[in-house]
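Enquirer: Assemble chain Z onto chain E, guided by the hints.
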Amino acid sequence: MTTSPRRVWWKTVVGLVLTGLMLFPVYWMINVSFTRDQDMRADPPHLFPTDGTLDGYRAVLDQQLPYLGTSFLVGLGTVALTVALAAPAGYALAKLRPPGGPALSFLLLIAQMIPGIIMAMGFYAIYLTLGVLNTLPGLILADTTLAVPFAVLIFTAFMSGIPDELLQAAVVDGAGRLRTFWSVVLPVSRNSIVTVSLFAFLWSWSDFIFASTLAGGGDHQPITLGIYHYIGNNNQQWNAIMATAVVASIPAAVLLVLAQRYVSMGVTAGAVKD
Amino acid sequence: MAWGFLAPTVVYLLAFYAYPLYRNVELSLREYTVRSFVQGGAPFAGLDNYRTVLTDPAFWPTLAHTLVFTGASLVFQFTIGMALALFFRQHFPLSGTLRALILVPWLLPLIVSASTWSWLLNSDSGLVNAALGVVGIDPVNWLTSPTWSLTSVIIANVWIGIPFNLVVLYSGLQAIPVEVYEASALDGASGWQRFWSITFPLLRPVSAITLLLGLIYTLKVFDIIWIMTRGGPTGSSATLATWSYRLGFGNMLPEFGPGAAVGNLLIVMALIAGLVYIRSQRRQYQR
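In the order they appear, the protein sequences are chains E and Z. Under UniProt numbering, the first sequence has 140 at position 140, and the numbering climbs by one with no breaks. Under UniProt numbering, the second sequence has 45 at position 45, and the numbering climbs by one with no breaks.
The hints are simulated quantities; they were obtained by calculation from the structure and are not laboratory data. Among the clues, some could well be false.
Unchecked claim - With a straight-line cut-off of 25 Å between C-alpha atoms, the simulated SDA-like cross-links for lysine to any residue are: (1) E:Lys-11 - Z:Gly-96; (2) E:Lys-11 - Z:Gly-191; (3) E:Lys-95 - E:Pro-163; (4) E:Lys-11 - Z:Phe-76.
Just chain E, with the same shape it has in the complex (with noise of 0.2 Å):
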């Protein structure tokens, strides 16, 4: 059975269209990011930003700059938490295989399950108590519970498939343990710590429940309480609202664009074991 040419192109028309439906409510937000506000609610609506605007994106430079900032600080500092804790705990749980290794992991995907609604009121009480609430390293801290256990997963199974060989030529060489870790495993692990760092940007970026509960009253309020705060409060100024939506949907962008392959390798690792 040879498929002519045409029958394949055919079926790029239909991928064409079916990925224009799914993408549909991305070009709407990004359309009425431009809409002018008396275009807004026009009857049939604009389907195009002809007579585009920019006043969205002013408002946003205006009045989101300090939550773009803080979301950016915390997920770095996400990041940089996420990657320290895990990647030795995956590094152990592959290659050192400690008594009780297995039960850590199944520990790590129970984790994975717990609703974050849960974990928001168990951090409330505490950080009340401890008066961390409204504080950058808090919010840091509470995101991280979001990338640690599937970070610590991603390790071991990346770490797993390193040559037993190369990590004994390095204890040959007379490296100990902490040694080999550093100049052997984590250069050779670059993939997996791009994926965990992508991923954990991700969502500490994208969440809204740690932020609304443990930062919704002080000053370092991340952008997806900004949108959230604009939602409630001008309810007409849709292009400003759609515009903050549009910056906010930056780093999925960037992250798909950079590391498509890894995208999907983070989103499969979850689920199907080799």
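Expert: Coordinates of chain Z only, in the frame set by chain E:
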């Protein structure tokens, strides 16, 4: 030595998983007021909070919404995800790029998706009602009528969940050897027969895992519903997750005890699903 590398993570899990969970259980077993929440000394109340929650008139409707939301989301996400995975398995020009683009809804921050859908479904100016108007259907109050609010949040959640189902099922399809299909093509099986007699049975383990993970994720969903409808109007789209949040943080006078109790009921449901998931994965390993 190995535990030296693991120690930070173990300490971390104890401090930032086990302890918040413990605090949550403790919250649900005491009678907290705002004052005792801050200063401590709340009296032990046994299972009173759970009794309060279970006898609340909102309990059964909320549980029903949770089950409908989860069930409907899973059915549609899985079916559409499977159809797309089967379609994208036939390689054609651009198939890889388009498959990657479909991931976008899954990667967007939930608040972005939720606010975009809120505007699409807006009663007066939303595009959905405008499109319905073109074919002569009266506008629907998607987010503001109790009849439609649950449907609206399900639509948004299905949209977000399709990419995950597509990617996982697609990777499962890749694992089916081509020879199996070649043999059946010789036997003259049609496309539909091939799906039901080969693809679907061979994909059963991956399908089970996809559905179970979907179940665990969907039970947790909070952001979408809270941002689009806040569980309203009049609780018509409230699930256990949003109800727990409303009790703890949504009102002027927080009710942490009952809120934590609802949260703990939710965690029991998620853990049951989780244990089923882990068991089914173990079985798959052993085979």
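Enquirer: Which constraints among the numbered hints does this structure fail? Numbers only, ascending.
Expert: none
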